[in-house]
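K.L.:
Here the protein sequences line up with chains A and B, keeping their order. The opening position of the first sequence corresponds to residue 1 in our numbering, with each subsequent residue numbered one higher. The opening position of the second sequence corresponds to residue 1001 in our numbering, with each subsequent residue numbered one higher.
Check each hint, because a few of them may be wrong.
The calculated DSS-like cross-link candidates involving lysine-lysine, where the alpha carbons are at most 27 Å apart (straight line), are [to be verified]:
1. Lys217(A) with Lys198(A)
2. Lys30(A) with Lys106(A)
3. Lys1154(B) with Lys1397(B)
4. Lys335(A) with Lys1246(B)
5. Lys23(A) with Lys1335(B)
6. Lys106(A) with Lys1335(B)
7. Lys1106(B) with Lys335(A)
Because the hints were derived from the structure by calculation, they are not lab data. The model shown is predicted, which means the values in this text are computed figures rather than measured ones.
2 protein chains.
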Amino acid sequence: MSEMDIFFHPKSIAIIGASDSVKFGYATTKYLLDSKFKTFPVNIKKQEIHGHKAYKSIKDIPEEIDLVIILVGNEFVLQTVKDCIKKGVKGIIIESAGFAETDVEKYIKLQEEIERIAKESKVRIIGPNCIGVTDFNNQFTTADMSFDQATIGKVAVIAQSGVLGNIFIDWATDNGIGFSKTITIGNKVDVDEVDLLKYLNQDPETQVITLYLEGTKRGKELFETFKNMEKPVIVLKNGKSDIGSKAVNSHTGSMAGNNKVYDAVIKQNPRIFRVNNFYEMFNVAHVFASQPFPTGKNVAIITGSGSLGALACDEIEEQGLTLAKLTENTISLIKSVIPNWVSIRGTIDLGPSIFETFIPTIEALFQDENVDCILYIFSVPRWPLQMMGSMATNWAKQQFDIIKKLTQKFNKPCVCVCFGSGWTFDFLRKAESSSNLEIKIPIMSRIKYALKAFKMMYEFGKIKKSG
Amino acid sequence: MSEMDIFFHPKSIAIIGASDSVKFGYATTKYLLDSKFKTFPVNIKKQEIHGHKAYKSIKDIPEEIDLVIILVGNEFVLQTVKDCIKKGVKGIIIESAGFAETDVEKYIKLQEEIERIAKESKVRIIGPNCIGVTDFNNQFTTADMSFDQATIGKVAVIAQSGVLGNIFIDWATDNGIGFSKTITIGNKVDVDEVDLLKYLNQDPETQVITLYLEGTKRGKELFETFKNMEKPVIVLKNGKSDIGSKAVNSHTGSMAGNNKVYDAVIKQNPRIFRVNNFYEMFNVAHVFASQPFPTGKNVAIITGSGSLGALACDEIEEQGLTLAKLTENTISLIKSVIPNWVSIRGTIDLGPSIFETFIPTIEALFQDENVDCILYIFSVPRWPLQMMGSMATNWAKQQFDIIKKLTQKFNKPCVCVCFGSGWTFDFLRKAESSSNLEIKIPIMSRIKYALKAFKMMYEFGKIKKSG
Chain A
1 MSEMDIFFHP KSIAIIGASD SVKFGYATTK YLLDSKFKTF PVNIKKQEIH GHKAYKSIKD
61 IPEEIDLVII LVGNEFVLQT VKDCIKKGVK GIIIESAGFA ETDVEKYIKL QEEIERIAKE
121 SKVRIIGPNC IGVTDFNNQF TTADMSFDQA TIGKVAVIAQ SGVLGNIFID WATDNGIGFS
181 KTITIGNKVD VDEVDLLKYL NQDPETQVIT LYLEGTKRGK ELFETFKNME KPVIVLKNGK
241 SDIGSKAVNS HTGSMAGNNK VYDAVIKQNP RIFRVNNFYE MFNVAHVFAS QPFPTGKNVA
301 IITGSGSLGA LACDEIEEQG LTLAKLTENT ISLIKSVIPN WVSIRGTIDL GPSIFETFIP
361 TIEALFQDEN VDCILYIFSV PRWPLQMMGS MATNWAKQQF DIIKKLTQKF NKPCVCVCFG
421 SGWTFDFLRK AESSSNLEIK IPIMSRIKYA LKAFKMMYEF GKIKKSG
Chain B
1001 MSEMDIFFHP KSIAIIGASD SVKFGYATTK YLLDSKFKTF PVNIKKQEIH GHKAYKSIKD
1061 IPEEIDLVII LVGNEFVLQT VKDCIKKGVK GIIIESAGFA ETDVEKYIKL QEEIERIAKE
1121 SKVRIIGPNC IGVTDFNNQF TTADMSFDQA TIGKVAVIAQ SGVLGNIFID WATDNGIGFS
1181 KTITIGNKVD VDEVDLLKYL NQDPETQVIT LYLEGTKRGK ELFETFKNME KPVIVLKNGK
1241 SDIGSKAVNS HTGSMAGNNK VYDAVIKQNP RIFRVNNFYE MFNVAHVFAS QPFPTGKNVA
1301 IITGSGSLGA LACDEIEEQG LTLAKLTENT ISLIKSVIPN WVSIRGTIDL GPSIFETFIP
1361 TIEALFQDEN VDCILYIFSV PRWPLQMMGS MATNWAKQQF DIIKKLTQKF NKPCVCVCFG
1421 SGWTFDFLRK AESSSNLEIK IPIMSRIKYA LKAFKMMYEF GKIKKSG
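Bound-form chain A, shown alone (with noise of 0.2 Å):
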């Protein structure tokens, strides 16, 4: 067992801070009090929060606590860590703000304080400045976050930001993604990165690890925990630039090092891929929970537009992949079904034939040897499809069903990138998620997610093969 478990399966909780007004741990504490988590809510005015009796502070409650979270003002942080020592708490998460970040002297000697007496004590401490924890399989939660708006999935978060925590996963929920855990650590008094590389690493719920980082005091054993990861990590680091660097010094009072370097680090390993937006990290880790490893590099692109199969080749060439020369059958069999208008020099665009020709098009790709990868580009504008009625859902049905087939018969990476409005996506994402099969096809918004995925987990699965 790990020291980090007791973040994630707490036997009681303590909230100190708790409140029965709105504003932020609101939620955490509603959800929590009528939860299976045993949990007491601490709050110095009151007699009574949500129903539960209200403690005047930690040391009044009659038994044992496993995990603290703490979310009174910045000020009174420091007691209630003390005490919460003293109570003999495992875990303490202080979500509190107003540390190092606000470069008032006061309040950084407040968070080295902190940082002095975590390491005198045995208590592991994740923040200050964050917004804690989710395990998506368990249901534990401190994130403000409902689990009716969240899906269970492979993907873990490690971030110094609280966005992760929540909005992040509102985003991502609406998009099909599913997580196994989140963590935000904001000012890392004790708790970071590396502990939970490490933890997650050996997380039999994650598959894949997205790292967002602003900076890091460990920098030797990050790069030494890189080294040694065994899952992907997808790393996203803020603060390229002066300003940047600057603004990131201001959110969780870190120092954002040598851009560089970092460069330079996550390229020497083959399983650290680094990415320039939480988009593009949430898609890539997406592609890399849900599908295949492809063993090539050569991508068959089928689309209902030539001008976004021509994006998509400037992009195939941007990140270093191929686009897939089709053999002589594979092109027989595609021409056997296609009318004269529809142009497969290239990509395969099937334009307002696709309701037709679709199947048999992708059944024919994935059979062709030369093809390791598919992108399948969905552009068909909303009106036709909301006129086509049940004909149209039926029809969208049964192509991912088909595509699912393929994925797993052939064992080849397939991704849905759409084009269109918010309907459309939801047309498809129904029709995905109708169908029987475990396996999900990703749907996302962008051409170069889905390809920068592909040429990230060529990659990977070299690695992977060569042991």
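Given chain A, work out where chain B should sit, using these hints.
P.N.:
Relative to chain A, chain B alone:
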């Protein structure tokens, strides 16, 4: 009056290949037959289409025809064009595909023959391989789209791709972006980007022009036209790479041309701006169409998240902008309303205090003489917003009302970048559009696009002022 007017204000229309079965062109046919536009269906096999008498040939229609929409198979197009010219029509839109883009000798020749006879007659032709035009003001369309799912605005589109005639309109409408006219030009046997740039430069309904180009046959005239534009033109050029350039050829039969030449020409013209993808193109155009021009490069950032603020700082440097250095007065004003844990070094990171502190803070930023543009990063998780219910809704409405008033009063642009679920975007968009003030505040999903727009508008504003 311009020759191009016939494509947007035809007095009578014939649809050749009109059909009442659901396929490409069905929506257009049904819409026009039921509309105020006098429309005659032509179908060799049918007596009646959607309750309207169908004609065997355009020659059989007893009235004059201004504009013809051709939907028939590629092999029937040449004869149809000849018939149209005999009939004396003024404009033709050939939507049928299967010409030069197939790289099949026979179909290349077919296109050349259409081009030749177009040149010898007075008729103007758009296409082939396109979906024609939409006029959002008078609600004329040939593009299989629905005006119930579109918004009138000041952005025009010229595009060598059908996806920009409806699919991206679907997307843009969801994103609050409105249009004046869209024209998809396909393989361009006659009407091309040069004709349309000149036309839209004079169009009172258009304020900003977006141009998606795969290649040009009239490089010299195009570059000359760029020089003479008075309105801003946002250009996306595909086919940068070798394989992308080949793909462009198989899409609209265009030669992609030298990417560096385009770059150089665009850089010489301060009213022409190059972008990297469709989303960027429309988001930037939306800011141009809705916001005042900034008179300087100093951007103030008000954010709910420090990490997103830091990301914006990286991007400010990337775009050659400056993070605004607030006056002492502004800092005091903001300090008087924020709690001690709010960090206002660099970006103004209000965190969860945003509900109490946003309005006085943004007022302070607008009045600051060192601030030229305002970026507002909205990052509140969905669940707390839903729990707050009407409290949150009312706050959001009030917030946009105040932003709009400040934008008008101080004549400074403001863009809101939102992170989170589709629900959150809807929540904000409803609040934005509920205000009675006519000005719109763009709500987008990428910091990069907002800052790129500020930079381009600053450059454009300088030219405008100087001449």
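K.L.:
If a hint holds in the structure, say so; if it doesn't, say that too.
P.N.:
Okay, the hints, checked on the actual structure:
1. Lys217(A) with Lys198(A): Distance of about 16 Å is within 27 Å: holds.
2. Lys30(A) with Lys106(A): Measuring from Cα to Cα gives roughly 33 Å; hence the hint is violated.
3. Lys1154(B) with Lys1397(B): It holds: about 24 Å lies between the C-alpha atoms, which stays within 27 Å.
4. Lys335(A) with Lys1246(B): holds (20 Å)
5. Lys23(A) with Lys1335(B): holds (21 Å)
6. Lys106(A) with Lys1335(B): holds (17 Å)
7. Lys1106(B) with Lys335(A): holds (17 Å)
Violated hint for the displayed structure: number 2, the only one.
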